[in-house]
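> Listed below are the residues making up each chain.
2 protein chains.
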Amino acid sequence: MSQEILELINKKDFKSVKSLLQDMLAPDIADIIEHLEETTNLVLLFRLLPKDLSAEVFSYLTSETQENIVTFLNSNELSYIIEELATDDAVDFLEEMPANIVRKALKGATNETRKLINKYLSYEDDTAGAIMTPEFVSLNIDSTTEEALDEIRRQGEDAETINVLYVVDDKKTLKGVLTIKELLLAKKNALLSEILNDNVVVATTNMDQEKIATIFSKYDFLALPVVDKENRIVGIVTVDDIIDVIKEEATEDFEKMAAITPTNKPYLKTSVFSIWKNRIPWLMLLMISATFTGLILNVYQDKLSAISTALVACVPMIMDTGGNAGSQASVTVIRAMALGELTIKDWYKVIWKEIRASALLGLTLGIVCFGKLLLIDHLIFGFEGYTVIRCFVISMVLAFTVIIAKLVGCTLPMLAKKCHLDPAVVASPFITTIVDATALILYCVLAIAILA
Amino acid sequence: MSQEILELINKKDFKSVKSLLQDMLAPDIADIIEHLEETTNLVLLFRLLPKDLSAEVFSYLTSETQENIVTFLNSNELSYIIEELATDDAVDFLEEMPANIVRKALKGATNETRKLINKYLSYEDDTAGAIMTPEFVSLNIDSTTEEALDEIRRQGEDAETINVLYVVDDKKTLKGVLTIKELLLAKKNALLSEILNDNVVVATTNMDQEKIATIFSKYDFLALPVVDKENRIVGIVTVDDIIDVIKEEATEDFEKMAAITPTNKPYLKTSVFSIWKNRIPWLMLLMISATFTGLILNVYQDKLSAISTALVACVPMIMDTGGNAGSQASVTVIRAMALGELTIKDWYKVIWKEIRASALLGLTLGIVCFGKLLLIDHLIFGFEGYTVIRCFVISMVLAFTVIIAKLVGCTLPMLAKKCHLDPAVVASPFITTIVDATALILYCVLAIAILA
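Residue numbers (my numbering), protein chains in the order written: chain C, 6 to 457; chain F, 6 to 457.
Warning: the hint list may mix true and false statements.
Treat identical chains as interchangeable: a pair holds within one or across any two.
Unchecked claim - Calculated cross-link-like contacts (lysine to any residue; reagent style SDA-like; alpha-carbon spacing at most 20 angstroms):
1. K377 to A442
2. K16 to L78
3. K16 to L47
4. K56 to L379
The set of hints was computed from the structure by calculation and includes no laboratory data.
Produce the entire structure from the sequences given, and follow the hints as far as they go.
Below, the structure is given as structure tokens:
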């Protein structure tokens, strides 16, 4: 489709392009625009869109492409888009733009829009205030179902959703919610006060978006009202924005666990310098902390080598396995906490479970390691250093390392949470460093004590 | 709340419990039931629920608790629940139950329900068929908006949603969709054929749930129709189920990246033996592959030590940093592919980006490592082994390791995808093993060549 449209643009057959676009869904058009290489084509295609579709398509574009387009728009076109965008989309857009574009955009906007946008821009990032939208339908508690339907027909055009309706009193205080289904299925001319649900779950403007995502997935909501301190409804958060939040938060956790400073930019649109900036701090910190294992080895190495170089050769295997065992435990615990399946109150259950699981895992791995060293490295490859007693010590330390790694792996994220730190940040790489150092000291001390 | 209710149960004040429950939301009641320790209280509380609420609460319980409850229910109570549950929830429930409970449940069900459930049970896991529900509202294309509203009032009670309506012809072929908003806001007595949207995105019964989640988040849908080969609508997937899918798929990726076989069970409900079973295969495989680094070290160690033991002491640091650098790249690429931001067609862009980023990262880390070894380890701690030329070789190998790690880290997931393997499975631990071995050989060969 993209190819076809590009060819038509090159042939200057704008009429065919226009009629093709008319039948397409906004996200698909946005996809095509994102994949156009030349900015002039991009602006051209955007201008060919039917006017009522252009704002919707605009809301699906990445902020880089939005900026590309708006620099070519005159202030009339720009203010049309600002007025037509849902408030939350307009705010998302303006937040990413340089100051001159924001000025240009707000200059053409109506007073009301400008005030609204300025208010929304003042909410902190990642809070309910920042992701909510004021385009909801509110109904007066004293109306009948018939009056409510008429009111929906009046307010509905501009509303983001009419699936959930908000019932308020004369002071705009939120009294209850109604789904459109409940309203349509209620008996004729019932009063809203009789049929509303007054047990309403609400968010406050400063509530964290991750917390809101948890509410949505617990209650299967399509929209959640946001209220101020006087319980007046100021906006709603809708489920489509929550899907973005859930994906964003998971991506952030993935990045943190891989020791990357999180960004919201798509990978292909991130510059090499930004990638460097996001990755270097943690990599540097971890490299420096890893050099301490070097210090430990420096202290014990001569004594280990004096017994057998085979003992030194096993160090990376023990440390790798410890790292893997630790990150299994930490990722499990971090994810379970993120999904709300686990709270720090359950810490003793987690530790008890991990003690038993790690004992089993350590035993299994120890036995296999013992057999592998003795049979393959000693008998087949003929490394004379692997005597029975040495293989036993190596395997025993491996087993203990697994147990230590699991315990560090499960407790550290819970401790972080307890200290109001982000559990994902302390995950794999940090745990690896701690486990590495502990395992190494244990190994050196035990091996020298038993074998020297 | 949980405490209060438990006390009332112990006091046998069932009337107060009942009235408390009446005003609560189903997910909150499910929460309380999940946290009750004794099975008898659990069944008691469930029986105290108002009948119309009991099926809804039931759908929010974990399958362990569901099983606990249904073993105490008589077949009348059980078949009531089966009839009241949405088909997708009933199927989810039955899939997890042992055969005797499934038999008991289906025995009391109506013929129609039994047929429907059996059909749904036959769809493969994680496909549209397995997560869809047949409770949707279909409207005839020849009706007017007024007739449609009457039809909604008829079908609506049992429908999972009336927010999206499906317009079909006499053969049940899907002709278009309408939102309830479009229907309510259309002019009176318009024909559905005039106002429907005929550009409909559909799923087929065997479409993967991950693909469906991508569609939902691309188009901001609330529901997606599932059609058979003749384009007849057989069910719908709703957004609340998709939120579960998105979270489930992210959890699976977290687990795979941490070398754990994925499960759907909450951590606290997983037995120690299951944890062992999910973790041991990968841990074992990785341990055995890590012993190969031991073999490499065995070959070169004597020569390295002969130059200086300081060279051996740096091995863990180089390998750790390589592992961290590799997993930064792999996690970024895997996540970007999972979010659809990146396809394998972009492979050359990814490699080119990583080459430049890793060169910068390697250079920075190399310089810092050089300074750190020389200043701290040599001057402050007085390890004589760290001469300038040795520090230079160590830092140079570190820089190259970072570059190799990044390249392996970004290409391996794309290669996996190309070979229709799961990119998440080849992530961190595997990459670590490959990078470890490559870096170690490079280090030993270079160090011996330059320094011996």
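> The structure should be examined with respect to each hint, and the outcome stated for every one.
Comparing the hints with the structure gives:
When the C-alpha separation of K377 and A442 is checked against a cutoff of 20 angstroms, the pair qualifies only between copies, where the shortest distance is 19 angstroms, while the shortest distance within a copy is 25 angstroms. Proximity of K16 to L78 under the C-alpha cut-off of 20 angstroms is found in neither arrangement, the shortest distances being 23 angstroms within a copy and 72 angstroms between copies. Proximity of K16 to L47 under the C-alpha cut-off of 20 angstroms is restricted to the intra-copy arrangement: shortest distance 15 angstroms within a copy versus 71 angstroms between copies. For the identical chains of this complex, K56 and L379 are neighbours neither inside a copy (76 angstroms) nor across copies (66 angstroms), given an alpha-carbon limit of 20 angstroms.
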